[in-house]
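Residue numbers (this note's numbering), protein chains in the order written: chain A, 1 to 360; chain B, 1001 to 1360.
Hint data in this document are derived by calculation from the structure and do not stem from the laboratory.
It is possible that some hints are incorrect.
SDA-like cross-link-like pairs, simulated, lysine to any residue; straight-line CA separation at most 25 angstroms [as the list claims (entries may be wrong)]:
#1 B:Lys1111 / B:Pro1168
#2 B:Lys1290 / A:Gly227
#3 A:Lys290 / B:Arg1260
#4 A:Lys226 / B:Asn1263
Note that the structure is a prediction, hence the values are computed from the model and not measured.
Number of protein chains: 2
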Amino acid sequence: MASSIFSDCSSSTTARLLPFNKIRSGVLQFCRSVPLHSRTANPSLIRTTTQRLSTWSTVTVAMTTETRAKVIDGKSVAKQIRYEITGEISRMKDAISIVPGLAVILVGDRKDSATYVRNKKKACEAVGITSYEECLPENSTEQEVLKLISGFNDDPSVHGILIQLPLPCHMNEENILNAVSIEKDVDGFHPLNIGRLAMRGREPLFVPCTPKGCIELLHRYRIDIKGKRAVVIGRSNIVGMPAALLLQREDATVTILHSRTKNPEEITRQADIIISAAGQPNMVRGSWIKPGAVIIDVGINPVEDAKSPRGYRLVGDICYEEACKIASAVTPVPGGVGPMTIAMLLSNTLSSAKRTHNFK
Amino acid sequence: MASSIFSDCSSSTTARLLPFNKIRSGVLQFCRSVPLHSRTANPSLIRTTTQRLSTWSTVTVAMTTETRAKVIDGKSVAKQIRYEITGEISRMKDAISIVPGLAVILVGDRKDSATYVRNKKKACEAVGITSYEECLPENSTEQEVLKLISGFNDDPSVHGILIQLPLPCHMNEENILNAVSIEKDVDGFHPLNIGRLAMRGREPLFVPCTPKGCIELLHRYRIDIKGKRAVVIGRSNIVGMPAALLLQREDATVTILHSRTKNPEEITRQADIIISAAGQPNMVRGSWIKPGAVIIDVGINPVEDAKSPRGYRLVGDICYEEACKIASAVTPVPGGVGPMTIAMLLSNTLSSAKRTHNFK
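Produce the entire structure from the sequences given, and follow the hints as far as they go.
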């Protein structure tokens, strides 16, 4: 962006990092005090339980005199959603003896991809979704991947198919993603799903998981979207663009900023809601934010940190410390949007199984 | 819109209408002096002839001391495009003995629809496209329409299929539009085409005609889009939404305004380019426009006019008189975007035939 500032807004001094850590620990303490896993709660449909979460929306974290923003606690919301999904899967199994199934295809030996796939498998198991994993070597052919997809497309026990990206360079990503049956496209990346998402009066079968998670956080915290000015930073196919389409479906007035936008801070300053998926550490400074705005930070960027045992720490696109002083609500990184992505993948897989078996 | 002003900004007095008429006649005189139909011009691909039109972009119309805006003369641009298409069709016929074919299906007896279909047929004939017309009675069944579409899908002499909208109420528009083969969807309304339009790195086979015409006008008048602030008023599937996607593909920073937008005039005042498809006569007043902005007016709204023999005249969404005093360029209504829509339909049909027969 023309006038973007990509420097780390957190200084390397411990003193300046303290408020960030304090807020995070404040949230975690609060969440632990809420019995989310209590079996007395009724695990009904996800959206209908929004009311039960309304207490969260009034929470303000342990803060310094300067800090005002609520923390939008994606970790706890995701936990709650997984709990609700577990209940729904149990109900479906009892009623029609069907268990949702998710197939994941991993090609190559990228360690990060292997970790993501392992995490998805664990998350599936935890809620009762059967996971099917196929790992192909790096030098596999496109045909081999397409054959696997075709098999999962035809398999009635599989309700969702996920291709772990990125694929090896010699494969055509578009061909492979398009081969996934639209009825099992739980990632929501098929252009037919995106087209339906863009069109009024049409309904996509699936919505991409990360942007769906962003909107779910707004809903769960009862943040009004209708009639609000919203800015999405980034126009990727998997986050920025579908996030903008979702906000528009909810009657926000949406502007998408991208690398060619001049003076992005002038536009963000008008926004009631900012969803940032730029992948630029601490790009959005406090001065970019309208007082009282709600900030959803999709960025997960490693920055060097000599004090961390790993030598780095993760920060978002938003300068969190500064945002906390001016926004009304902010997602932390980590623990904000991140945990919502897998929760939405589980939710999409459950929806697919329900739709296939006409289970309400 | 919350603060929209829908009154007619042109008073009914002849004196106030004069500048509008003067400007229009000034443009028409200029265009007549350019030998658009000269056979000495080389009818090559549409986009490659942009240079030849560059003289237009420096034209300022006969104006009063108050009036500054260029008139973006869609009528003349459309004429030029039809001329180029004629040349391309002739070249294709000579080379591979193929003539593009467009099938139009009309259901019911709406007079306006019948007029549109007749105009499309005439436009096809004028450039050398074979048109196939099927008219079904109002009480036809959805199955009958689907059968016709299926026949045209399989007919190799048909390269484009157009369903004249609106369809009778008892028919499911979505089912019928989705039945058109994506390779012949010259209207560009199929969600797969819209999805590809929305996604980076994907290419739609066809772009909806009216928004494509808007962007073509900007190109032909050499108006920069990249990095500009653009506002689209209206979010319909056939104009507003695809227009916004097209502007974004050209690297504009785009905001879509709609009926739930508060204080739209504050947002339009920041725009370098406004495309309005609100269907509200004279909604966008001079005070909504940033000095020097470029205005593309898609609205065609009848307003009462006792002085007109028909009892009404057509006006756009933009208060033309006021816009002319503040914008740098404006499309008139009629004679702006309107003629571009059919020109783009012909262009899409030609592209389809070229693609089918791999003719460059």
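So, going through the hints one by one against the coordinates:
1. B:Lys1111 / B:Pro1168: 13 angstroms, holds
2. B:Lys1290 / A:Gly227: Within the cut-off at roughly 23 angstroms; holds.
3. A:Lys290 / B:Arg1260: Holds: Lys290 of chain A and Arg1260 of chain B sit about 21 angstroms apart, inside 25 angstroms.
4. A:Lys226 / B:Asn1263: With Cα atoms ~14 angstroms apart, Lys226 of chain A and Asn1263 of chain B stay inside 25 angstroms; holds.
Of the numbered hints listed earlier, not one is contradicted by the structure.
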